Amino acid sequence: MANSFQNKVLRINLTTGKVSTEPLNESYAKDYIGGRGLGTKMYYEEVGTNVDPLSPDNNMYLVTGPLTGTMAPSAGRYMVITRGPLTGTIACSNSGGYFGSEMKYAGYDVVVIEGKAEKPVYIWINNDKVEIHPADHIWGKEVPDTTDLLKEETDEMAKVACIGPAGENLSKIACIMNEMNRAAGRTGVGAVMGSKNLKGIVVRGTNPVHVPDGERFMAAIEEARKVLAEHPVTGTGLPTYGTQILINILNQSGGLPVHNFRDSGTVEWADKTSGEFMIEHKNLVRNKGCFSCVMRCGRVTKTYKPYAGFGEGPEYEAGWGFGADCDVDDIDAICQANFRCNELGLDAISMPCTIACAMELYENGYLPKEDAGCDLSFGNASILADLVTKTAYREGIGDMLAEGSYRLAEKYGHPELSMSVKKQELPAYEPRTLQGMGLNYATNNRGGCHVRGYMTSPEILGLPVKLDPAVTEGKAGVCKTFQDLTGAVDASGFCLFTTFAIGADIIANVVSAATGIEYSPDELLKAGERIWNLERLFNMACGFTGKDDTLPQRLLQEPQKFGPYKGSVNRLHEMLPEYYELRGWTEAGVPTKDKMVELGLEDAFAQMLGAVEAAAAQNN
Amino acid sequence: MNIKYFAYIRDFTREKETTWNDPADDLQALLQQLSQHYGKKFREAVFNETEDDLNNLIIVLVNGRHVAHLDGIHTKLQASDQVSIFPVVAGG
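The listed protein sequences correspond, in order, to chains G and E.
Going by the working numbering, the first residue of the first sequence is number 1, and it counts up by one from there.
Going by the working numbering, the first residue of the second sequence is number 1001, and it counts up by one from there.
Honestly, the hints are just simulated from the structure, not real lab data.
Any given hint could be a false lead.
Stretch-level coverage of chain G by chain E, calculated; a stretch enters the list once three of its residues show a Cβ under 8 Å from a Cβ in chain E [stated by the list, open to error]:
{"hint": "1", "segment": "528-540"}
{"hint": "2", "segment": "585-591"}
Away from chain G, derived, C-beta distances all over 10 Å, residues of chain E [stated by the list, open to error]:
{"hint": "3", "residue": "Lys1004"}
{"hint": "4", "residue": "Thr1019"}
{"hint": "5", "residue": "Trp1020"}
{"hint": "6", "residue": "Asp1026"}
{"hint": "7", "residue": "Ala1029"}
{"hint": "8", "residue": "Phe1047"}
{"hint": "9", "residue": "Glu1049"}
{"hint": "10", "residue": "Glu1051"}
{"hint": "11", "residue": "His1066"}
{"hint": "12", "residue": "Asp1071"}
SDA-like, lysine to any residue: derived pairs with alpha carbons at most 25 Å apart [unchecked claim]:
{"hint": "13", "chain 1": "E", "residue 1": "Lys1041", "chain 2": "G", "residue 2": "Glu230"}
{"hint": "14", "chain 1": "E", "residue 1": "Lys1004", "chain 2": "G", "residue 2": "Gly462"}
{"hint": "15", "chain 1": "E", "residue 1": "Lys1016", "chain 2": "G", "residue 2": "Gly462"}
{"hint": "16", "chain 1": "E", "residue 1": "Lys1016", "chain 2": "G", "residue 2": "Val227"}
{"hint": "17", "chain 1": "E", "residue 1": "Lys1016", "chain 2": "G", "residue 2": "Leu284"}
{"hint": "18", "chain 1": "E", "residue 1": "Lys1004", "chain 2": "E", "residue 2": "Ile1058"}
{"hint": "19", "chain 1": "G", "residue 1": "Lys466", "chain 2": "E", "residue 2": "His1037"}
{"hint": "20", "chain 1": "E", "residue 1": "Lys1040", "chain 2": "G", "residue 2": "Gly235"}
{"hint": "21", "chain 1": "E", "residue 1": "Lys1041", "chain 2": "G", "residue 2": "Val227"}
{"hint": "22", "chain 1": "E", "residue 1": "Lys1016", "chain 2": "G", "residue 2": "Tyr304"}
{"hint": "23", "chain 1": "G", "residue 1": "Lys466", "chain 2": "E", "residue 2": "Gly1064"}
{"hint": "24", "chain 1": "G", "residue 1": "Lys566", "chain 2": "E", "residue 2": "Leu1077"}
{"hint": "25", "chain 1": "G", "residue 1": "Lys561", "chain 2": "E", "residue 2": "Lys1041"}
{"hint": "26", "chain 1": "G", "residue 1": "Lys272", "chain 2": "E", "residue 2": "Leu1077"}
{"hint": "27", "chain 1": "G", "residue 1": "Lys272", "chain 2": "E", "residue 2": "Lys1016"}
{"hint": "28", "chain 1": "G", "residue 1": "Lys466", "chain 2": "E", "residue 2": "Glu1044"}
{"hint": "29", "chain 1": "G", "residue 1": "Lys466", "chain 2": "E", "residue 2": "Arg1010"}
{"hint": "30", "chain 1": "E", "residue 1": "Lys1016", "chain 2": "G", "residue 2": "Asp332"}
{"hint": "31", "chain 1": "E", "residue 1": "Lys1040", "chain 2": "G", "residue 2": "Pro232"}
{"hint": "32", "chain 1": "G", "residue 1": "Lys272", "chain 2": "E", "residue 2": "Ile1058"}
{"hint": "33", "chain 1": "G", "residue 1": "Lys566", "chain 2": "E", "residue 2": "Lys1076"}
{"hint": "34", "chain 1": "G", "residue 1": "Lys566", "chain 2": "E", "residue 2": "Lys1040"}
{"hint": "35", "chain 1": "G", "residue 1": "Lys561", "chain 2": "E", "residue 2": "Asn1002"}
{"hint": "36", "chain 1": "G", "residue 1": "Lys272", "chain 2": "E", "residue 2": "Gly1064"}
{"hint": "37", "chain 1": "E", "residue 1": "Lys1041", "chain 2": "G", "residue 2": "Ala229"}
{"hint": "38", "chain 1": "G", "residue 1": "Lys272", "chain 2": "E", "residue 2": "Met1001"}
{"hint": "39", "chain 1": "E", "residue 1": "Lys1041", "chain 2": "G", "residue 2": "Ile279"}
Since we're looking at a predicted model, the values are computed, not measured.
Ideal placement from N, C-alpha and C gives every residue a C-beta, glycine not left out.
Just need the whole structure built from these sequences, with the hints factored in.
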């Protein structure tokens, strides 16, 4: 029966040059839906848990969801799954734009990249014709030039995913950029691509995507589209203001981290960096959407002297990172630094957070001026873009910034000043204000991350329920549900932002109509739970334990200085035991056999135990 | 009392903030005062149809705390309070 999978995996080995295809494993697709789940399952089965992230043995999986490339609204996502060099955890980084849908039209659900090319190359996928081409002439170029050149050499209609100099130079905070400004941004996946000498992947596809029952599918997506279009967040707020709309509400709610989380709470000038101000200040040129999106939250922006430029963004996270976290109130400087992240292929969350960490190290006298090479004081807007460039090229202090904040702070003797979990930088929500977001950060399978369990939604925005951010009671259950639902959404091809308006019932209906596999809302959540637990098993097999489910000591011990939650710390200890219990894990955070059998993960569980025992034997 | 407005609420108030003299002593009465001042669109944005509760699509903070976690539309106010009014927004 036709379904929205292309039922084909493309496998490219860069060491041997071999290109092959194989059928999609149907049971994987059923149990893990697609995208993040399917990629994690394939990675786990094919690669295992003990490869160096930057070695040729570390495969990279580009995976679409069953909805990617269909007419489902806001469903153009693809995921990159690999082991991340920043964290050492499973790495899955999600991007929108048009690359995912084009990959689907070329005829593939999954593209697997194995091995390492001897010299720089790019891959040209033109439907069923797949070629590996030299890329020496492109190596070293920034993302816009790379994208233009690759399209000139192949097909102007093609879509390009590539790395910039940051990925080439193996920065652990490098990302993969597609259509120039959309990023598989987090966990350092760009460095994995760079380690393979792979500059870019160009794809052009003209195949259709089928659904089993057109009438049913159209009815399902029309229901979703209508809800998204009529909801004030997805229909009005995000199209008008973009994600930068969040600056003011987080600031007024006391949830804005400031000065590397040292002086968090509320700042008087936050409105000058907000989505509202970007319209007033005429930074916003127009909004822009990803494939099939009804929200169109992307921002095409321009900036003014002395930071004149043109590009896209920033998203809220980058706006906060280069803004409040670095104490910079100049929206033009913030935008320009964000443009440089996109042009050079750097994660626009980890980059500013690493700079903020460097600023605190510098102000405390731990990072000497001769190493800094500039005045690294908080508030120095003039250095931001230059620091981004230095990071991508590993020049001067940039060589250490390229390693991310944890390794930077460790080098200077103060790892406690890295605001990270599992070595990945925390995003823009203060866990001393948002207790539940703190739990999500601590337990996240890819380290400091907000989009795997977005507790800001109930704790600040009141969606879909209003939870008091200061309360810990009941947060464990909501956090688990959000994490599981996100697992399923990331697997489906839907953008996570759809969940501001639509819930598991509509999502399950659309996925069922596309795949012909019937998922009830509970079964959808169960698939998300399976994905979450497989990621957990992977991390534990890699040596992570419950002790890694924590937050920087600052957030657990130093009372917040400003804002309505002045005096508070994150009370993780009040939430974590209940969270483990709800997950069916032991008190130490280890998945139990019974729970893993329930989820069909008994083999992965046995592998995890074997890996843990082998590591213990080696240590003895 | 200092009152701040955000996003498209500013389209109805034509100002980002105001210092409101002689404010009412609870939120419902304050919003009625403000609706008198700013007009119908503001009123529709902040109230439900019967004006006995907040519109579901509005977020009101008093001193940074969502009034849903205080006493809702009946939250008591003092002249020194900071009130912030947002439409429902989201991002990430």
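The hints, checked one at a time:
Residues of the segment 528-540 of chain G with a Cβ under 8 Å from some Cβ of chain E number 0, which does not satisfy the need for three, so the listed coverage is violated. With 0 residues bearing a CB less than 8 Å from a CB of chain E, the segment 585-591 of chain G misses the requirement of three and the coverage assertion fails. With a minimum CB-CB distance of about 7 Å to chain G, Lys1004 (chain E) fails to clear the 10 Å threshold, and the non-interface call is violated. With a minimum CB-CB distance of about 16 Å to chain G, Thr1019 (chain E) clears the 10 Å threshold, and the non-interface call stands.
For Trp1020 (chain E), the requirement that its beta carbon stay farther than 10 Å from each beta carbon of chain G is met, with the minimum near 17 Å. At the 10 Å boundary, the C-beta of Asp1026 (chain E) stays outside the reach of chain G, the nearest C-beta of that chain being 19 Å off. The claim that Ala1029 (chain E) is not at the interface with chain G holds, since no C-beta of that chain comes within 10 Å of its own (minimum 22 Å). Residue-level check passed: Phe1047 (chain E) sits 15 Å from the nearest beta carbon of chain G, beyond 10 Å.
Every beta carbon of chain G lies more than 10 Å from that of Glu1049 (chain E), the smallest distance being close to 16 Å; the non-interface claim holds. At roughly 19 Å from the closest C-beta of chain G, the C-beta of Glu1051 (chain E) stays outside 10 Å, upholding its exclusion from the interface. For His1066 (chain E), the shortest C-beta to C-beta distance to chain G comes to about 6 Å, within the 10 Å cut-off, and the non-interface label is violated. A cut-off of 10 Å between C-beta atoms confirms that Asp1071 (chain E) is not in contact with chain G; the least separation is 13 Å.
Annotation: proposed proximity of Lys1041 (chain E) to Glu230 (chain G) holds, straight-line Cα distance about 18 Å (limit 25 Å). Note on Lys1004 (chain E) and Gly462 (chain G): the hinted pairing holds, with a Cα-Cα distance of about 19 Å set against a maximum of 25 Å. For the hint linking Lys1016 (chain E) to Gly462 (chain G), the alpha-carbon distance of about 23 Å falls within 25 Å, and the restraint holds. At roughly 30 Å between alpha-carbon atoms, Lys1016 (chain E) and Val227 (chain G) are farther apart than 25 Å, so this suggested pair is violated.
Straight-line distance between C-alpha atoms of Lys1016 (chain E) and Leu284 (chain G) comes to about 19 Å, which keeps the hinted pair within the 25 Å bound. At most 25 Å may separate the alpha-carbon atoms for a hinted pair to count; Lys1004 (chain E) and Ile1058 (chain E) meet this at roughly 13 Å. Note on Lys466 (chain G) and His1037 (chain E): the hinted pairing is violated, with a Cα-Cα distance of about 29 Å set against a maximum of 25 Å. Pair hint Lys1040 (chain E) plus Gly235 (chain G) holds up; C-alpha atoms about 22 Å apart against a cutoff of 25 Å.
Note on Lys1041 (chain E) and Val227 (chain G): the hinted pairing holds, with a Cα-Cα distance of about 23 Å set against a maximum of 25 Å. A threshold of 25 Å between alpha carbons decides the hint, and for Lys1016 (chain E) with Tyr304 (chain G) the separation of about 24 Å falls inside it, so the pair holds. For a cut-off of 25 Å, the pair hint linking Lys466 (chain G) to Gly1064 (chain E) stands: about 15 Å separates their Cα positions. Between the alpha carbons of Lys566 (chain G) and Leu1077 (chain E) the distance comes to roughly 20 Å, so the proposed pair stays at or under 25 Å and holds.
Among the hinted pairs, Lys561 (chain G) with Lys1041 (chain E) is inconsistent with the structure: their alpha-carbon atoms are about 38 Å apart, more than 25 Å. Under the criterion of a C-alpha separation no larger than 25 Å, the hint pairing Lys272 (chain G) with Leu1077 (chain E) is inconsistent with the structure, at around 28 Å. Of the supplied pair hints, the one linking Lys272 (chain G) and Lys1016 (chain E) holds, its CA atoms being roughly 12 Å apart against a limit of 25 Å. Of the supplied pair hints, the one linking Lys466 (chain G) and Glu1044 (chain E) holds, its CA atoms being roughly 21 Å apart against a limit of 25 Å.
Restraint check for Lys466 (chain G) and Arg1010 (chain E): the C-alpha separation of about 24 Å stays at or below 25 Å, so the hint holds. Restraint check for Lys1016 (chain E) and Asp332 (chain G): satisfied, since their Cα atoms lie roughly 21 Å apart, inside the 25 Å limit. Restraint check for Lys1040 (chain E) and Pro232 (chain G): the C-alpha separation of about 19 Å stays at or below 25 Å, so the hint holds. Distance check on the hinted pair: Lys272 (chain G) and Ile1058 (chain E) sit about 22 Å apart at the alpha-carbon level, within 25 Å; holds.
Distance hint between Lys566 (chain G) and Lys1076 (chain E) is fulfilled; the C-alpha atoms sit about 21 Å from each other, no more than 25 Å. At most 25 Å may separate the alpha-carbon atoms for a hinted pair to count; Lys566 (chain G) and Lys1040 (chain E) exceed this at roughly 37 Å. Restraint check for Lys561 (chain G) and Asn1002 (chain E): the C-alpha separation of about 22 Å stays at or below 25 Å, so the hint holds. Under the criterion of a C-alpha separation no larger than 25 Å, the hint pairing Lys272 (chain G) with Gly1064 (chain E) is consistent with the structure, at around 19 Å.
The hinted pair formed by Lys1041 (chain E) and Ala229 (chain G) meets the criterion: a straight-line CA distance of about 21 Å does not exceed 25 Å. For the given pair, Lys272 (chain G) sits about 22 Å from Met1001 (chain E) by alpha-carbon distance, which is consistent with the 25 Å threshold. As the CA atoms of Lys1041 (chain E) and Ile279 (chain G) are separated by approximately 22 Å, the hinted pair is consistent with the 25 Å bound.
Checked against the numbered hints above, the structure violates hints 1, 2, 3, 11, 16, 19, 25, 26, 34; every other hint is satisfied.
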